[in-house]
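Could you slot chain B onto chain A? The hints should help.
2 protein chains.
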Amino acid sequence: MSTTDLTGLAALPLPDLSGSFPGPFPASPHAGGIEAHLGQWLRRFPLLGPPEALGPLCDIVAHGVARTFPTAEPDGLHLCADLFLWLTAFDDTHGEAAAASDPARLVRRIWDCVHLLADGEPSRDAGPFDEALRDLLVRLRTRATTAQYLRVTGCLRDILLGSLWEAHHLAEPEHVTSHDYRAIRPHTVFARTLVAVAEVVLRYELPEEARRSEAVRQPESAVADLAGVLNDLGSYARESAKGVPHSLNLITLIARERNCDVPTAAAVVARLGEERAAAARHGIGELATGGSAPLAQHAAALESIAHSYVWHIDHVRYRKA
Amino acid sequence: MSTTDLTGLAALPLPDLSGSFPGPFPASPHAGGIEAHLGQWLRRFPLLGPPEALGPLCDIVAHGVARTFPTAEPDGLHLCADLFLWLTAFDDTHGEAAAASDPARLVRRIWDCVHLLADGEPSRDAGPFDEALRDLLVRLRTRATTAQYLRVTGCLRDILLGSLWEAHHLAEPEHVTSHDYRAIRPHTVFARTLVAVAEVVLRYELPEEARRSEAVRQPESAVADLAGVLNDLGSYARESAKGVPHSLNLITLIARERNCDVPTAAAVVARLGEERAAAARHGIGELATGGSAPLAQHAAALESIAHSYVWHIDHVRYRKA
Numbered sequence: 001m002s003t004t005d006l007t008g009l010a011a012l013p014l015p016d017l018s019g020s021f022p023g024p025f026p027a028s029p030h031a032g033g034i035e036a037h038l039g040q041w042l043r044r045f046p047l048l049g050p051p052e053a054l055g056p057l058c059d060i061v062a063h064g065v066a067r068t069f070p071t072a073e074p075d076g077l078h079l080c081a082d083l084f085l086w087l088t089a090f091d092d093t094h095g096e097a098a099a100a101s102d103p104a105r106l107v108r109r110i111w112d113c114v115h116l117l118a119d120g121e122p123s124r125d126a127g128p129f130d131e132a133l134r135d136l137l138v139r140l141r142t143r144a145t146t147a148q149y150l151r152v153t154g155c156l157r158d159i160l161l162g163s164l165w166e167a168h169h170l171a172e173p174e175h176v177t178s179h180d181y182r183a184i185r186p187h188t189v190f191a192r193t194l195v196a197v198a199e200v201v202l203r204y205e206l207p208e209e210a211r212r213s214e215a216v217r218q219p220e221s222a223v224a225d226l227a228g229v230l231n232d233l234g235s236y237a238r239e240s241a242k243g244v245p246h247s248l249n250l251i252t253l254i255a256r257e258r259n260c261d262v263p264t265a266a267a268v269v270a271r272l273g274e275e276r277a278a279a280a281r282h283g284i285g286e287l288a289t290g291g292s293a294p295l296a297q298h299a300a301a302l303e304s305i306a307h308s309y310v311w312h313i314d315h316v317r318y319r320k321a
Numbered sequence: 322m323s324t325t326d327l328t329g330l331a332a333l334p335l336p337d338l339s340g341s342f343p344g345p346f347p348a349s350p351h352a353g354g355i356e357a358h359l360g361q362w363l364r365r366f367p368l369l370g371p372p373e374a375l376g377p378l379c380d381i382v383a384h385g386v387a388r389t390f391p392t393a394e395p396d397g398l399h400l401c402a403d404l405f406l407w408l409t410a411f412d413d414t415h416g417e418a419a420a421a422s423d424p425a426r427l428v429r430r431i432w433d434c435v436h437l438l439a440d441g442e443p444s445r446d447a448g449p450f451d452e453a454l455r456d457l458l459v460r461l462r463t464r465a466t467t468a469q470y471l472r473v474t475g476c477l478r479d480i481l482l483g484s485l486w487e488a489h490h491l492a493e494p495e496h497v498t499s500h501d502y503r504a505i506r507p508h509t510v511f512a513r514t515l516v517a518v519a520e521v522v523l524r525y526e527l528p529e530e531a532r533r534s535e536a537v538r539q540p541e542s543a544v545a546d547l548a549g550v551l552n553d554l555g556s557y558a559r560e561s562a563k564g565v566p567h568s569l570n571l572i573t574l575i576a577r578e579r580n581c582d583v584p585t586a587a588a589v590v591a592r593l594g595e596e597r598a599a600a601a602r603h604g605i606g607e608l609a610t611g612g613s614a615p616l617a618q619h620a621a622a623l624e625s626i627a628h629s630y631v632w633h634i635d636h637v638r639y640r641k642a
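Chains as they are written, first to last, in my numbering: chain A, 1 to 321; chain B, 322 to 642.
Only chain A is shown next, with the shape it has when bound in the complex (with noise of 0.2 Å):
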């Protein structure tokens, strides 16, 4: 393990993953192309205001979609990268604390959205997050099997069930067992999505058999697992130096169901990125030999998303974002 160095905040332990992801991380040479088209895509469905101000946002997102898929064609990273923004513009603006104060509000504008996902119709008074959303489907649809379509708008669904799930939490978190938040946790980072829209970016299909079989599951929930390990770390560290830690974090839950301090609580959440990690590596291996096509290029596709979550923290920390 090694400590945190954000400004302003005591030293918190993070995970030791150089056994596990040592990096550096292969990147798709066409992350300027991403960025660029995510200030196009902004331009066009204005989610989070003057799109001039969000240049590190696009810059994030386009290098971290760059190392999670860095094999892939511009069109499936620009896909897969238009959805991440769509995906945490939406939780920056409707979920989190505007949410907890009126989840009935959150539950209408989720209603919006599903009744997209469900093939409905588009409402005559739809604003940018409808039409950015339409404007992904579609083109996931044109690029998806019908299966993988349907896979990815279900893994959109429990994102959204995700955020009004911490939303009804935030204001009381007493009811929430670290047990239950690391259920909800592969969804709400996002990692599950990644994991389904692999196959769309980098065009292959899991035989269904394989896809339910132990050897594609078990490092499926390790990647999945770290990503929300690695991101509550980030965003503990993130939110305290700003003064605010999140009340629905495994560190903050974990402290309170071991009523220990927050390092040692911090310890124990990075023991078990650098335990989750393990466990990915091995499976990953595994899947990686296992002689076919699809699993081989499901375990690379597991393994580079996971580099992204580990890159990601380590972009956070050494920018001090």
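No wet-lab data here; the hints were simulated from the structure. Just so it is clear, the structure is predicted and the values come from calculations on it, not from any experiment. We put the CB at the ideal spot given by N, CA and C, even for glycine. There may be inaccurate statements among the hints.
Said to hold, decoys possible - Using C-beta positions, here's what the derived DEER-type ranges look like:
| id | chain 1 | residue 1 | chain 2 | residue 2 | range |
| --- | --- | --- | --- | --- | --- |
| 1 | B | T466 | A | P46 | 50 to 56 Å |
| 2 | B | G370 | A | P26 | 56 to 62 Å |
| 3 | B | D337 | A | G127 | 45 to 51 Å |
| 4 | B | T466 | A | P56 | 27 to 33 Å |
| 5 | B | E529 | A | P74 | 24 to 30 Å |
Stated by the list, open to error - Among chain A residues calculated to face chain B with C-beta under 7 Å, some are:
| id | residue |
| --- | --- |
| 6 | H115 |
| 7 | A118 |
| 8 | A147 |
| 9 | R157 |
| 10 | L206 |
| 11 | E208 |
Same frame as chain A, but now just chain B:
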């Protein structure tokens, strides 16, 4: 239009569907077998307390499903009946008034279900609703294609989110427009799910291009709208007879929006039902004669789904349930 004759209720108009769906409606010869199966299933998964008290519920579900898919084989009928019973029991137990008083609890309850819909590992402390849902999903997966499975599990998420939407608006229906309500009702009345389940129960598959055509979407929407209207008319009458009409009902919403009395609003709703029934009848006829076998099968399924809702309101009406 005719009028309701429920004891204690001022006569309200009902739609005249004798031109569109005249009846009598074909019923499966397996209704008795479905009812017996439902009793056994409820003994395995006690969703609603002692199964002995549930005879009337099993009776109406069995006879309803026998009309929904009159030509289906027993295995498919049993799956559909169990699913319909599960949805009804979930709503009765966790939705509506209980949910409105504690929406956070409903969110947690729904998340347990979504976890299973998203292929999560079953919890060690799973209750009968989780166990029953797992059983349904295993049987659905065995019978359905991958895309069919994903489409139905998407519909189930939409119903669960719809019950959350209802829970948040029972106490403050002034935020609900009849337009929004009509968009959500095809899901919460289970009609969209039945349309998705039809292919699984009757073993056909719509070509994707046809699924997105107006020729398919129009009668699907009309049948689903009709189902919502009929259910609202029936439940308003039933709940008024008990003295507590539901605040989230198209009659109530129309009365508020148009500043009119209940009989006038009910007449508007009844006319809407007649209009949607005529649209359904027209679209089903076009689909049936389009010359393609899966389209004709889908037309027959939509017709019998409409029958089941028409039969249901008559059943409620004449039995004074």
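Do the hints match the structure? See the list:
{"no.": "1", "hint": "B:T466 / A:P46: 50 to 56 Å", "verdict": "violated, 40 Å"}
{"no.": "2", "hint": "B:G370 / A:P26: 56 to 62 Å", "verdict": "holds, 58 Å"}
{"no.": "3", "hint": "B:D337 / A:G127: 45 to 51 Å", "verdict": "violated, 40 Å"}
{"no.": "4", "hint": "B:T466 / A:P56: 27 to 33 Å", "verdict": "violated, 44 Å"}
{"no.": "5", "hint": "B:E529 / A:P74: 24 to 30 Å", "verdict": "holds, 26 Å"}
{"no.": "6", "hint": "H115", "verdict": "holds, 6 Å"}
{"no.": "7", "hint": "A118", "verdict": "holds, 5 Å"}
{"no.": "8", "hint": "A147", "verdict": "holds, 5 Å"}
{"no.": "9", "hint": "R157", "verdict": "holds, 5 Å"}
{"no.": "10", "hint": "L206", "verdict": "violated, 11 Å"}
{"no.": "11", "hint": "E208", "verdict": "holds, 5 Å"}
Consistency with the previously given hints fails for numbers 1, 3, 4, 10, ordered from lowest to highest.
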